[in-house]
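Novice: These protein sequence lines are chains A and B, in that order. Last residue of the first sequence? That's 239 in the numbering used here, and every number before it is there in order. Last residue of the second sequence? That's 109 in the numbering used here, and every number before it is there in order.
These are calculated hints, taken from the structure and not from any lab test. Warning: the hint list may mix true and false statements.
Claimed, not checked - The calculated lysine-lysine pairs, modelled on DSSO-like cross-linking and capped at a C-alpha distance of 30 Å, are: (1) B:Lys33 to A:Lys233; (2) A:Lys185 to B:Lys33; (3) A:Lys185 to A:Lys128; (4) A:Lys128 to B:Lys33; (5) B:Lys33 to A:Lys98.
Unchecked claim - Heads up, incomplete: computed chain B residues facing chain A, CB under 7 Å, no partners named: (6) Ala15; (7) Val55; (8) Tyr56; (9) Ser70; (10) Val83; (11) Gly84.
Stated by the list, open to error - One side only, chain A facing chain B, incomplete, derived with CB under 8 Å: (12) Thr34; (13) Arg85; (14) Tyr86; (15) Pro101; (16) Arg105; (17) Leu110; (18) Met166; (19) Phe168; (20) Leu178; (21) Ala191; (22) Leu222.
A virtual CB, placed ideally from N, CA and C, is assigned to each residue, including glycine.
Each chain, written out:
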Amino acid sequence: MTFDREMRDAFFDSLPVLMGYLSMGMAFGVLLVTQVPGANAFWAFGMSASTISGSMQFAAIEMLKNAVLYSLGLTFLLSCLINIRYSVYALGFIRRFKTYPWYIRWYLVLGLTDETYAIACRSRRRGKSAMRYHLCVTAFDHFYWVAGSVLGAAAGRFLKFDTAGMEFAMTALFLVILVDLVREKENRIPALIGGISTAVVLIPTALCLPGHTNKILLPAMLIMTAILLLLRKRREAHQ
Amino acid sequence: MTMPIFLMLLTMFLAVFLLRAFPLLVFGSGHHKIPGYFLYLGQVMTGGAIAMLVVYSLYGVLNVPETGLSRLPGALLCAGLAVGLHWRFRNPLLSIIASTALYMLLIQR
Chain A
1 MTFDREMRDA FFDSLPVLMG YLSMGMAFGV LLVTQVPGAN AFWAFGMSAS
51 TISGSMQFAA IEMLKNAVLY SLGLTFLLSC LINIRYSVYA LGFIRRFKTY
101 PWYIRWYLVL GLTDETYAIA CRSRRRGKSA MRYHLCVTAF DHFYWVAGSV
151 LGAAAGRFLK FDTAGMEFAM TALFLVILVD LVREKENRIP ALIGGISTAV
201 VLIPTALCLP GHTNKILLPA MLIMTAILLL LRKRREAHQ
Chain B
1 MTMPIFLMLL TMFLAVFLLR AFPLLVFGSG HHKIPGYFLY LGQVMTGGAI
51 AMLVVYSLYG VLNVPETGLS RLPGALLCAG LAVGLHWRFR NPLLSIIAST
101 ALYMLLIQR
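Can you build the whole structure from these sequences, using the hints too?
Specialist: Written out as structure tokens, the structure reads:
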């Protein structure tokens, strides 16, 4: 069976996500039950199993604290704005997904996160092997996220092990993937544009509106997309 | 859980799910041809998006109440370690575990 091989690779490749999601998920679970009146581990389970998105769920805590301020329409709009990057991620997978059975395709779409996207992108596998690998990474990440949130919600307040700083594993994971990407020349300019666009939006926001930094990914992504499209136009004009 | 709260959570889930499914719903059937600029973006977006996540998650690591920017040098040092190790040895787990352990050590002192 070749599944074992892909499953093993997926397990080792997603170990950093295990560290990151357990600590981030636990932070989410603790925040949820301490900040939102009436919330418990079942909420954490339901939210993490279905939504599978740190950016959405941390924003959800903020919104639930002042639930009366949000109509369903506003909730929908804000949720879309905070998370629009998922559409861009999914875009890169359409071609690959064409040959996959529908249930696998939809599960991979449901479980698409920053981390799963980053790991699946890096893989050079083709065909069935790529599908199995992607499926395993998605399932492992999904499980880690749910486990972390439920643990945090159920026992977070009594936890003794100091996980402070473990969130750096996420940054390290993204850095490692970036290093592998920029070994290839064609990724260098896009990476530079992405990093600069984000810093240009993030630094002023952090200085002037520190409470709103969770919304910077959308403007950063818009600026990045605009610059990338302009570059393409220029390149075409030169040819 | 009251009904409005449940509906709010359901709305959030639907929003996130629809965003993820949008490209598949529109272009997945093969009836619509994927426009050239979409394919181009799909190619260049990976490098851009990962670099974006590096900057954003680094800020997330530093964004702890009451520490201000005091952890910035340590975080940059550990980021440098991760990049250096990975450039040299190409072993993701080594780079990630070493840099994260060093960071935890630095801030828990």
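Novice: Indicate, hint by hint, whether the structure satisfies it.
Specialist: Each hint tested on the structure:
With a C-alpha separation of about 20 Å, the suggested pairing of lysine 33 (chain B) with lysine 233 (chain A) holds against the 30 Å cut-off. As the CA atoms of lysine 185 (chain A) and lysine 33 (chain B) are separated by approximately 29 Å, the hinted pair is consistent with the 30 Å bound. A C-alpha spacing of about 28 Å is found between lysine 185 (chain A) and lysine 128 (chain A), which places the hinted pair at or below 30 Å, so the restraint holds. In summary, the hint linking lysine 128 (chain A) to lysine 33 (chain B) is supported, as the alpha carbons are separated by about 24 Å, within the 30 Å threshold.
A C-alpha spacing of about 13 Å is found between lysine 33 (chain B) and lysine 98 (chain A), which places the hinted pair at or below 30 Å, so the restraint holds. Here the hint on alanine 15 (chain B) is kept, as its CB sits about 4 Å from the closest CB of chain A, short of 7 Å. Below 7 Å, beta-carbon pairs count as interface contacts, and valine 55 (chain B) has one with chain A at about 4 Å; its hint therefore holds. Interface hint status for tyrosine 56 (chain B): upheld, as the beta-carbon distance to the closest one in chain A is roughly 6 Å, under 7 Å.
Look at serine 70 (chain B): its Cβ only gets to about 13 Å from chain A, farther than 7 Å, so that hint breaks. At a threshold of 7 Å, the smallest CB-CB gap from valine 83 (chain B) to chain A is about 6 Å, leaving the interface hint in force. This hint is violated: glycine 84 (chain B) has a C-beta 9 Å from the nearest C-beta of chain A, more than the 7 Å allowed. Using the Cβ-Cβ criterion of 8 Å, the hint placing threonine 34 (chain A) at the interface with chain B is not satisfied: the shortest such distance is roughly 15 Å.
With a cut of 8 Å, the hint placing arginine 85 (chain A) at the interface with chain B holds, because the nearest CB-to-CB distance is about 7 Å. The beta carbon of tyrosine 86 (chain A) is positioned within 8 Å of a beta carbon in chain B (closest approach about 4 Å), and the interface hint is therefore held. At its closest, the beta carbon of proline 101 (chain A) sits 13 Å from a beta carbon of chain B; the interface hint therefore is violated under the 8 Å criterion. A distance limit of 8 Å between C-beta atoms decides the matter here; for arginine 105 (chain A) the minimum to chain B is near 7 Å, and the interface restraint holds.
The beta carbon of leucine 110 (chain A) comes within 6 Å of a beta carbon in chain B, closer than 8 Å, and the hint placing it at the interface holds. Taken as an interface hint, methionine 166 (chain A) checks out: its beta carbon lies about 6 Å from the nearest beta carbon of chain B, inside 8 Å. The beta carbon of phenylalanine 168 (chain A) is positioned within 8 Å of a beta carbon in chain B (closest approach about 4 Å), and the interface hint is therefore held. The criterion of a C-beta within 8 Å of any C-beta in chain B is met by leucine 178 (chain A), whose closest approach is roughly 5 Å, and the hint holds.
Hint on alanine 191 (chain A) holds. Least Cβ distance to chain B is approximately 4 Å, under the 8 Å limit. Interface hint at leucine 222 (chain A): violated, since its Cβ lies 11 Å from the closest Cβ of chain B, which is beyond the 8 Å cut-off.
The earlier numbered hints that this structure contradicts are 9, 11, 12, 15 and 22.
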